[in-house]
Every structure is written in structure tokens, then in C-alpha cells.
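Residue numbers (this note's numbering), protein chains in the order written: chain G, 1 to 111; chain D, 1 to 815.
Read the hints as simulated data drawn from the structure, not as lab findings.
All residues carry an ideal CB built from backbone N, CA and C; glycine is no exception.
Any given hint could turn out to be false.
Unchecked claim - Covered stretches of chain G, going by a simulated chain D footprint (3 or more residues, C-beta under 8 Å):
1) 7 to 19
2) 62 to 68
As the list claims (entries may be wrong) - Selected chain G positions facing chain D (Cβ under 10 Å, derived; list incomplete):
3) G31
4) I35
5) S52
6) V99
7) D105
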Amino acid sequence: MTREQLEAEGYRLAGTVEQFPERIGKLLRLGAIEIAVFKTTEGEIFALENRSPGPRGGTIVDGIVSGEVLYDPICDWRIGLADGAVQAPDRGQVAAFPVRIVDGDVYIGRP
Amino acid sequence: MQQHSDRQRLIVVGNGMAGINTVEQILKLAPEAYRITVFGSEPYPNYNRIQLSYVLEKSKSIDEIILNSREWYAENGIELHTGTTVTQIDTAAKTVETADGAIAPYDKLILATGSKPFMLPVPGADKEGIVGFRDIADCETMLEAAGKYRKAAVIGGGLLGLEAAKGLLKLGMDVTVVHLLGELMERQLDPTASHLLQQELELQGLKFAMGKKTEEFLGGERVSGIRFGDGSTLEAEFVVMAVGIRPNVELARESGIATNRGIVVDDLLRTSADGVYAVGECNEHRGVSYGLVAPLFEQGAVLAKHLCGVDTAPFAGSVVSTQLKISGVEVFSAGEFMDATDLTVVRMHDEWRRIYKKVLIRGGVIVGGVLVGDSSQSARLQQWIRTGAVMNDEYHAIVMGTAAAPAGSGAAELADEEIVCGCNGVTKKMIVDAIHERELTTVDEIKLATGATRSCGGCKPVVEQILKLTLGDKYDSAAAKQAGICDCTPLSRDEVVAAIKEKGLITTKEVRYALDWNNKEGCSKCRPALNYYLGMIWPQEHADEKDSRFVNERMHGNIQKDGTFGVVPRMYGGVTTPEDLRLIADVAVKYNVKLVKVTGGQRLDLLGVKREDLPAIWSDLGMPSGYAYAKALRTVKTCVGSQFCRFGTKDSMGMGIVLEKKYERLDMPAKFKMAVNGCPRNCAESSTKDIGIVGNEGAWEIYVGGNGGIKARLAELLCKVRTDEELIEIVSAFMQYYRETGKYLERTSDWIERIGLEKVKAVIVEDAPGRKALADRMEAALEQVKEPWQEILDNPNLRERLFGEIRVPAVGPKE
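The shape of chain G in the complex, shown without the other chains (with noise of 0.2 Å):
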């Protein structure tokens, strides 16, 4: 898939996938949302929207990634990477958005 094809589908290049660093969050401003994007151990790479899914609101991409688990730096809940969902036994959901690696190159896409 060429960059041309990825954009048309709504995806955006984020740069390379060494640019992210392992289990810490890098913030990524795609106009004015705010994305965390997290790299786990295993190099899989995930986007979800930087807002803490509790009560007190607040950011979630300087928290304590955990194979495919964010611990949010706020409440503590743990988050899916995969798909924005809060694990039992609180509930809440994340936006989470689409990730394309192509050569290297990592895209994000609409949630």
C-alpha cells in the first residue's frame, strides 16, 4: 500500500516506528486532537485518544504500559491498547485509533 492509497483511506504518516519509544507514550497532535501512541515490548504499536476515561479527568499518555495494558496515571484503571476499553471492574471506554505499519512507517488512522 503506498502513502497515496493510506491517506485516501484517512490514514496519516506519524513518522517511523523507531521513533516511538518502548512502554512510554509519545504524544502525537494530529490538528487538534491529542493522540498517545504506545509501543509495547513485543514492537506493536497502538493509538488511542489522550483523555482518561475517569471521573477526574485528565491525560493518560504518561502512564504504565503493560503488554497490551495502559495503567491511566489518573485512576489507575487499566485500558485496553488494542480497543480503548477499560477492564473490569471499572468501565469507561478510550477512543482508539487505527494503526498501519508500512516499511517502517507507522500511520494513524480515523477512529
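Use these hints to put chain D onto chain G, whose structure you have.
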């Protein structure tokens, strides 16, 4: 020492778990009844043979599996002869003779000689490199072999063989388990469970040669391989035989006592000779020799009561249950386990999650069960089998996992006399009484007080339920759970710290793998805790792991609820200058700070700073971080003191600044606050600080363990010192002792109540060389600290990693 010539003489031959457990029970029932002498061939006091596999895995040291220390024998007036083998019994004269020719008379004699590994009588079995797995010496041989050789074979796919195999695998050997039959643990598991277990172990790296009959060991002086009945061969430089055990009957047989496979005993454990008993693996009761610990302890209980003249029901055999003690594999089996025409079977086999559960019912009564992959209900199932419970809808739902187990109900159902810990013969009533009488609040305390959970640990869930039930509202789940530092591990803080030191682990990942975390990536509780412990233990070697830091400590600011940060620069001792105040004001204006707050720690907080502005604002301030976000020294609050105050007797500001500069930036278990006062009026509020210092004419008073937070606590006097040098040494030693023994996130107020002020005084005040050593370690730790704001400004890679942002236009670029 009193002479007890009127007491009967009891000799115990065999210093293992069965013999000593019997002695322990005798001492409880009738401490004055016997003069006790114990002979043991091994050079150790009684140790937990069940946990040898842990020694092999290196998850425990030999010291940690010792059950009765030499002091215990001495305290109970027991004469212990280790490394001494009894060679002859004269049942007529009632004496025993040892290998060195000594003769000792007895009134009662207990044979607890145990068993030995059965060595296959095939050609080459005497070659070097072929051992059994039975005692500490075998363990040591295996540990040594793992360092020299690579290819290992374990003959025997039973419980012991699999534990040995897993241990060798963990030591880095290439291990093949050779089994005569087609199914592992065929005496405890049905074929489905066996195959599931084999799959699990294959995933962990074990290899299997099933249905292979060992016919010959190949090689020269040392073994090099095995030839099987079908003509195939297996390369092996080291072989462990675990095909079974043989009761040690030679001594009894040669002394004319009736033996069969084991030493023959009746229901009161009496042998054919008057006054001679046999307990444990060495005996044979109604045709059965038991090889597991619970039945042996049941025998011990019967024998102890009999010897003490207490009424007892005779030993009528045991329901044998088995729990595989190898990490990562949950296998449990009790009672009957094979299908039969007169049985009703409840069966669940989930091939995707690799879980198998089976409950066997005869005439409505639960008579057996097998659990693989999920043994969380093993204690409950075991209890139903032992009590002959009738299957009902509720039990069915619990064991099949279709209903949540009602909390505590299992414990409530238990009768007072029901044995909870089969290994140590502890009843529910004994646990409940101990909880009441000694005000116990944790499972660990119950273990110390009663022995329950001490051996295999399988009854821990039930003991915890009993604790919960007994304490009711007073039950503190946090205290009860303190065993494991988080849900990823059952290990306590002390166990983790000891293992880090012993195994030389220096990254959080190494800790999680070496100590077998069930969540290999850790969680938000253990990751920051391990990062702290590693930095504390290895100040030079451990590299701080930013990804395991909580947001505030990773970004070096206090995150606020709108995602902005608070920035607090250092203001040593709460003392500043007009120039610094002007600079702070200018920076606050430049970055459009939302609010400037004077903090409780005598400094200024700039609130509402954007994340991306943090490095720039630090650069403009040019001041060190105040660590207002950290598990570290926050501030040293001071009063005006002798520089200006007419009451001041000491220079509190000067001393506060010295202390803050000395100890800033060093990681502590939790946040740490100090205060220095120039006189006893205490304007800087020493009584609510981790260390509060009060100046007097000619002396400093040092108060510790104060807290003005969630749980208020007044600081207590640690000591008084005369000079500034003494003050600093005491402060250094205190802080270092807290760093080395505190649990992560445990404030000194909780820590000091756990350790005890007297103990802290003994370590810090009374032990001068110890204090010096602590202060020296503090200096070594302080050498490693760096100013974090400047470090991020000076290191473009680190700055990019933590603060770098990517901006993408919402509309794709047109090219």
C-alpha cells in the same frame, strides 16, 4: 539443668518430617512425658523435604527450608545427633547401637527412617552421573551438574520426576523426561489431565520420551546415554532416577522386626516389637506405604496421642491429594480420579484455555477430583472429598466456575475439629483460637503461631477465609494480602528483596522472569516498587527505568487533573532571595502560569504549566527541581532560629539547608519530610515530620516517624546528640535503614510501627559500627544522584524520549 531421670526415654531414629512432626505433637500434648533423643544420618536438622524442588530451582536456600533449627532442639531439651546412623536395635534389651559403637537404651522407640529412591537395576546403573532426588546432598549434586553438563534425563514422569525435571530446566539444562507408560502422573491423573499437563510442560521447554523402558545406561565411567527396550537411545550426561521410593526397612529387618515392603504397623503404628513404632514413609499400613506428607502427619498425630496416653481414633488410612509444586503449572488431584461404571462424573474440558476439571461422585457423595490449569478451588474440593460432602447445585457451580465462590462460606461450613492444614495437622479450632488469643491479623502470623500453611501452602485460601470469618469487620484485606507485593506475585517485599540480592538481579524484567511473575510485564504496583528496590540495592549498577516510573517521577512534575503540571523549584530550608523571587515571577508571567501557590513545605508552586513547556520553564528558572512530586526528600521546613529569633538557641535555617542539600534527590520508599527547629517552641512543626529536629541549648533532639497526613501520628524521640556531625550521622543512618527495610510506599509512620521504635533505636543509636556502616552506604547512594531537570536539558535523546511530540496536520499534505 534439671535431671529428668523419672521420665521415659524416647528415641527417634530418623530426623525427617515424619519423626520430628511426631515429636512436636508429643511436646504439645505432654511436654514432660519423655526424655527425647533423635538420631539422623543427614548432617542437617529437620528440613522441609517437600520444598527441595524450590532449592533446586534456587527460589529458596537450604536455610529457608529448615523447619526446626538446632536451637529448637536445644530449647525443647531434645538430644540431637546429626550425621549419626543407627545400625542395630536390640528389641529384647531395648537398646539401639550407632555406627560409632555407642549404645543408647529406650523405653519407646520410633522408627522414622523414611525412604530412598528406587534405582533401576539395569546394566550401568552404577555409573557416575546417575543420582536419585531425595535429600539436600542430591540437590547439591544436581546443582553442580547443571553447571557442567547440558543434556539431562529424568527417569520417571511422576510428581517427583517432574519437579526434578523442571528444576534442572530452570538451571539451564536440556531435559528429557523418560516415562515407562504413555501418561504422566498416571497414579494421580486420568489420561486427559496427563496429556494436558504434558502439553503445558512441553510449552515450558521440557522434552518427553514416553512409553520408553530403560534397559541400559551407556558410557564409560560416566554415563553418556540411555538405551531403551525398543532399541532407541537418548544422549544424557546426567540422569536423575525418580521412578519411585523404597521404604528404608533394613534396620528393622536386621533387628528382627516384621517387614514387608515397609515396616509393618497396625492402626496405632505399632510394629511387631514391643515399644517400637514406625511412622512415615518407612512403614506399611494395611498394605500401603504413603509417600506424601499429609498422611504421614496424620500418622504422627495418632502416634503422638497414643504415646501420651491421649484417646485417639486409630489411623485408618488417608485420602491422598497431590498438588504439583512446579511454577506455571496448576495441577491438583485428590481421591479417586479414574472413570468407573459406578461413578457419576462432572467434567469440563476447555481446550482453548487449557483447563480441565473433573469431579467424581459415588452415590451422590464427592469421592475425588482432578483440576488442571485452574486449581483455585482445590482447597474446597479437597475438603469436600475428605468430609464426604454430597454434591449439590452450589458446589457444582463453584467448582465449574459458573458461580463466584461465596467468600468465606467454605470456612464457615468447616467443623471445629476439621483439619485445615493436612500437612501439619492444624484444625480450624486451633486457628480460630490462635487468632483470638494472640490477636493475629495475617496468614503469615497464623503460620508462625500454628504451623498451618507452613509446608505445601495448599490450604492458604482456606486459612485466609477462616481469618476473614473470625475477624469480621476487623479483617484488613490489605494486611492479609501483604504476602504478595502485588497481584503479579505471591512473594513478599522481603522475599523479593532477598532474591534480588542473592541472584544479582538488576533490572525489573530480570526480577519478573527470575521470580516467575505471573504477569511478565508487571503492573502499576510492582513496576515502580521494583525500580525502587533495585536502585536501593544496586545504586551503581541499576539504571533507572523511566517506563516503570509513575508519571510525576517520569516527567519530574506534579500532574494535575487537567493534564497540566505543577512546577516547584528548590528553595532550600524555605529561604529565598529577592533575585530568585523576581525570576520566578517573570517565568510565571512568561508561561502564563494559572496560579502561584505558597506550599506547606515553604516554597512556591507554579500551577498549570503545559506538558510541552516543562523543559523550557526549567531552563528559564535555572533552579534545581524541588522534588515536590517524588518518593524522596520533599523539603526541610525550618523556623527562623538563632540567626534572627530572640528565642532561637540553634541555627535551624543553616542546619535545614545543609540537610536538604545533602539528602535531596535520593529515592526513598515514600515521600519524606523533615523539619529543623531552633528551640522547643517548634514553629516548624517537627512532630508531624518523618524526621523532626529540635534544637536545645547544647543539644539536638531527633524525633522520627511523625505524619500529618491521612493517618496523623506524632513523631517519637529517637535520641539526643550534641554535635552537628553526630546529628548528620544519625539522620543518614536512619534514612538508610528506612530505605533498606521499608516497603515501597510505606511512610516512616507505618514503617516504625511495623519495625518497632526499640528496634530502630537498637540499630541506629546503640550499635555504633552498624550506624557507621549505614551512613557509609548512604554516602555511596548519594554519589549517584543527578539533578533531573538539568539532566533532561543536557540530554537531547532523553528529552526527545520523554517530551518529544509529533505534529501532524489534520488534512494530509498535498504534494
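Of the numbered hints stated previously, which ones are contradicted by the structure, given in increasing order?
-> Going through the list in order, the structure violates hints 6, 7 and respects the others.
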